[in-house]
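As they're listed, the protein sequences go chains A and B.
For the first sequence, the residue numbers in our numbering are 21 to 441.
For the second sequence, the residue numbers in our numbering are 972 to 1245.
Derived from the structure by calculation, the hints contain no laboratory data.
No experiment lies behind these values; they were computed from the predicted model shown.
Careful: at least some of the hints might be erroneous.
[Stated by the list, open to error] Cβ-to-Cβ under 8 Å is the rule here; a few derived chain B residues that face chain A:
id	residue
1	S982
2	F1002
3	E1184
4	T1187
[Unchecked claim] For lysine-lysine, the following DSS-like pairs were computed, each having C-alpha atoms within a straight-line distance of at most 27 Å:
id	chain 1	residue 1	chain 2	residue 2
5	B	K1009	A	K158
6	B	K983	A	K177
7	A	K158	A	K306
8	B	K1013	A	K177
9	A	K177	A	K158
Ideal Cβ positions, reconstructed from N, Cα and C, are used throughout, including at glycine.
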Amino acid sequence: MPDAIAIERLGKRYRLGELSRPTRVTEAAIDAARRVARRPGRAGRARRDDIWALRGIDLDVPEGQALGVVGRNGSGKSTLLKVLARITEPTEGRATIRGRVGALIELGTGFHPELTGRENVFLNGAILGMSRGEIRRKFDAIAAFSEVEQFLDTPMKRYSSGMRIRLAFAVAAHLEPEILLIDEVLAVGDAEFQRRCLGRMDEIRRSGRTVLFVSHNSNAVEGLCERAIWLERGSINYDGPASDTVRQYLRNRARLAEASWRPADAADPDLECREIRLVAQDGSQKVDFDRSEPIMVEFDVVVRRTNHRLRIGFDLANQEGLIAFASAHVDAPTFADAVLHPGRHVLRAEIPAMLLNHGLYSLHARLGVHEVRWIVHEDDVLQLEVKGVEGEAGQRPGIVLPSIAWSSERTASEPTLASSL
Amino acid sequence: MAGDTLVITPSKGWQPLDLRALWAFRELGYFFAWRELKLRYKQTAFGAAWAVLQPVLMTIIFALVFGRLAKLPSEGKPYALFSFVALVPWTFFSQAVSQGSRSLISSASLVSRVYFPRLLLPLGSVLSFLVDLAVATAVTLPLMAYYGELPSAHVAMLPLVVVLLFAVSLGVALLLAAANAQYRDVQYVVPFVLQLWLFASPVAYSLSLIPDEYRTLYAVNPMSTVIEGFRFALLDTPAPTPSAVAVSTLSALLLLAAGAYYFRRTERLFADVL
């Protein structure tokens, strides 16, 4: 069977002068003059300000395969998708695509606030490549899926952002290309919405379509794709089964992560936050923990004056950005009535072992004066990875995976089924 | 699986027009035109009446300044009617060109997120003004009746004149839209160019003011033949000379070809520069 997507030595170069291309004729003239003055002829090939967003990509995707693409910001993921979707042209190499392509770079592309929901469905559908007849045929299904049916004749500017996203996704979900390219569309919306998106994408995959799925969310990549590639600085760094690629990628990312963080601006009359650290039981700083060990979050602070409203805490979010829990030092009985006196303190929060599920978590710093103001309010200051322990059955759903106590009690001496026979 | 295989490679230099792709995406072009129409007069008190009000207001100004004060000749027709019939195609041209030249920039988010033949954006924009043109042309009839003029059989020529008008407008819109994507200076130049072009066209004045030996040269501006054509078809003034028609048609086709090919040549950059 021929490959649905065959990519050979694909490369995309951006000139820095092209990213911020001269947008005025005068600049262009100066640019041209400079080019002539500096180097006559065709010498400008490898200029210092060239950026290869993609280079030497070789990749074959068999028909019906779901391929995940992971990588840091700026690793070339989106560029790859844009080249395959023909939004931008490659600089070198070639890609052969067999089948009708549908690309979802963004939900609701072309939505206009002045148009009604109904009008926007038609416009957005046409932009995504559906014919008028196709949209008309699917309209009722789209409307039902969106759950905003009763507002379809209202201008979209009166919609909430949630309604807009639901309608946008409803259109996108009814796209039926043979090859589907998806870029980070899951990054929006609430948990329920994301769950539905993933469900719908799973259906698409099962229907035998070829899917290229770019995402930050490595759980989603693992769940939806059998194979994944990891892009790093425009090249394929790893290519293999999705779970292997994701593990390699996460390990690399965690290694680069810092175990401590200092706020840039520490000046506050009440409290100075010196540092927040992730610490293991033995006191060493680290970012990768086993489920079987507790995780310490240390706050190194200087209290400047006594304030009983002072709250030192954090939120812990999973990879999809959902808050697993929020905690502050006053939650603990030890601090219930105590105030922090001026001086330097190290506060230690212990996240118990066997609570968090496998995966990556992100810590949001939340230090402030209760109901008055924030002193430090920053997201994603620290990242940590929680790994499974030996003998645990594979990945389970859920943000947390606490060990739940189970027991049983025998209430009848004989099985009821047997006695009735 | 359908047999369509697509090969993506870097393109260099001049590109073919690829009318097949345009045809395949014709519905999207229709949607772009429809969107423009829908949005054009949204939240305006007069709505679609603006399609008529614009040439009417211009006519009043022209009639006062050029008709009453300057007493320009109008080939024996009432000056207001004479200039209105010219302002109908002129309004189409100037609006199609100014909106068309902005079409890529105002849909930048589409260009950087979805594939479609980019030509559809200016094309849809220019197409949408055909509706305004039809409305304004229809209003000419009661105005003529008011002045006691009846359309002659020459009215049958009007569709041909409109085709010429459309070709010029699209050609110029394509050139400017593509240039505008790269150099935003264009948007400041457009109003100035249009104003100059207005005075280079026989809108306020009659072609009879142009000396005979310069008529053919004058016809290099296709809008001169378009406007004379409108007057000929509706007011039964003398027809443009065959040589003027030939020169204008050629010049319009050149503009259209230049616009389309320049657009295609620079098209691959749009997603990166917008």
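The hints, checked one at a time:
1. S982: Given a least distance of 6 Å, the restraint on S982/B holds.
2. F1002: holds (4 Å)
3. E1184: violated (36 Å)
4. T1187: Check failed: Cβ of T1187/B comes no nearer than 33 Å to chain A, outside 8 Å.
5. K1009/B to K158/A: holds (23 Å)
6. K983/B to K177/A: violated (42 Å)
7. K158/A to K306/A: violated (52 Å)
8. K1013/B to K177/A: holds (13 Å)
9. K177/A to K158/A: Given pair K177/A, K158/A holds - Cα atoms ~24 Å apart, limit 27 Å.
Against the hints set out earlier in the document, violations occur for numbers 3, 4, 6 and 7.
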